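Number of protein chains: 2
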Amino acid sequence: MNKVVAISRQYGSAGRTIGVHLAGKLGISCYDSVLLDKIAEKTGFDKKYIQESGEYTSSGSWMLSALAGRDYNGHSIQDEIWNVQREVITELAEKESCIIVGRNADYILEGKADILSVFIHANEESRVERVVNEYKEIQQKEDPRRKIRQMDKRRRAYCQLYTDVQWGDARFYDVCLDSSKFGIDKCVDILAELYEMM
Amino acid sequence: MNKVVAISRQYGSAGRTIGVHLAGKLGISCYDSVLLDKIAEKTGFDKKYIQESGEYTSSGSWMLSALAGRDYNGHSIQDEIWNVQREVITELAEKESCIIVGRNADYILEGKADILSVFIHANEESRVERVVNEYKEIQQKEDPRRKIRQMDKRRRAYCQLYTDVQWGDARFYDVCLDSSKFGIDKCVDILAELYEMM
Chain A
37 MNKVVAISRQ
47 YGSAGRTIGV
57 HLAGKLGISC
67 YDSVLLDKIA
77 EKTGFDKKYI
87 QESGEYTSSG
97 SWMLSALAGR
107 DYNGHSIQDE
117 IWNVQREVIT
127 ELAEKESCII
137 VGRNADYILE
147 GKADILSVFI
157 HANEESRVER
167 VVNEYKEIQQ
177 KEDPRRKIRQ
187 MDKRRRAYCQ
197 LYTDVQWGDA
207 RFYDVCLDSS
217 KFGIDKCVDI
227 LAELYEMM
Chain B
37 MNKVVAISRQ
47 YGSAGRTIGV
57 HLAGKLGISC
67 YDSVLLDKIA
77 EKTGFDKKYI
87 QESGEYTSSG
97 SWMLSALAGR
107 DYNGHSIQDE
117 IWNVQREVIT
127 ELAEKESCII
137 VGRNADYILE
147 GKADILSVFI
157 HANEESRVER
167 VVNEYKEIQQ
177 KEDPRRKIRQ
187 MDKRRRAYCQ
197 LYTDVQWGDA
207 RFYDVCLDSS
217 KFGIDKCVDI
227 LAELYEMM
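Heads up: the protein sequence lines correspond to chains A and B, in order. Just so we're aligned: the first sequence equals residues 37 to 234 in the working numbering. Just so we're aligned: the second sequence equals residues 37 to 234 in the working numbering.
Keep in mind that the hints were calculated from the coordinates and are not lab data. Take the hints with a grain of salt, since some may be wrong.
Because identical chains cannot be distinguished in the list, a pair is counted as satisfied if it fits within a single copy or across any two copies.
Unchecked claim - Below 20 Å or equal to it, Euclidean Cα-Cα: the simulated EDC-like pairs (lysine to aspartate or glutamate) are:
id	residue 1	residue 2
1	K189	D205
2	K222	D150
3	K189	E229
4	K148	E132
5	K61	E229
6	K61	E165
7	K222	E232
8	K83	D200
9	K39	D205
10	K172	D221
11	K78	D205
Model, not experiment: these values are computed from the prediction.
Produce the complete structure using the sequences and hints provided.
Written out as structure tokens, the structure reads:
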């Protein structure tokens, strides 16, 4: 079985950056936007739409659309994307050891890969700083604290809708780290150490 | 400020053992039953009673007694023990860098010490194994799974009653580790590494 580091993270906690740096250190790939490309290709949906229909959502009532608009089999477009996402992530994990950021890869890959499941969080101050200055995703007059709360809420709800994992509950992850306490480099070091021993 | 490793843990997750080994590795003290002695001395209550009136409780309805039996100031015996516990833990942290297992030391010491807050958990299988074969606290015919659930429930409720920490929620700890995934030695290594960088 291949080894997969599945990183879940709070919005603004540098989880994605940690994934990318870890991949560089371990010499394996970190999948994030490539996942979107593959899902877009398989579903025929626009990449941006897929981005917004999962835990990356930054606008729109995806939860509503997930529950409404079902076809005669009771499936929504969200469900279809979830199914394709599962296929794409499973194929990746069968092909190579890698890092997958977000998209509930830990849940999807249970029993199919040797998983290191990770949750990255950080204090509000550093998340605000990161979201405002690095992500540059905050609109004028938008309150970054409100944005952070909303994004976490959506990721939690999405996770709850499609998995048995309680988002952010330590018991569901092998390791959880506060990136604002330890810094990105130390988190990468710790995860590399845990990966190597798997 | 002294450095304090505050270890919260699921029942049967080897959190206490990790604390003791970590203390040996770092050359500092690990406080656990010594805390009980000090609290017993200060309150005049029996050590066993104190043990049962906190997160170590293994029998009795401490939650009920915490909420009932209040004096005319609205204080219960539980509250008194909590206050003395706070004093004892604060004094320890002012005196020396150390490790404290349980008793919500992370919450008590906020702003009073340089804290590494840790949550140790493990899968049910290894917890049952540990509780049955190492703790030897299971009575005949008692279901260890039930005991584990009860103990966690009590620790969670106690934490909720006296602190703002959501027990087991990754956001409230600097680092959370699954001891059944990594083993006791690796957990000790990781924590020592994080302690050294503080």
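Which of the numbered hints are not met once you compare them with the structure shown?
-> Of the numbered hints given earlier, those the structure breaks are 3, 6, 8, 9, 10, 11, listed in rising order.
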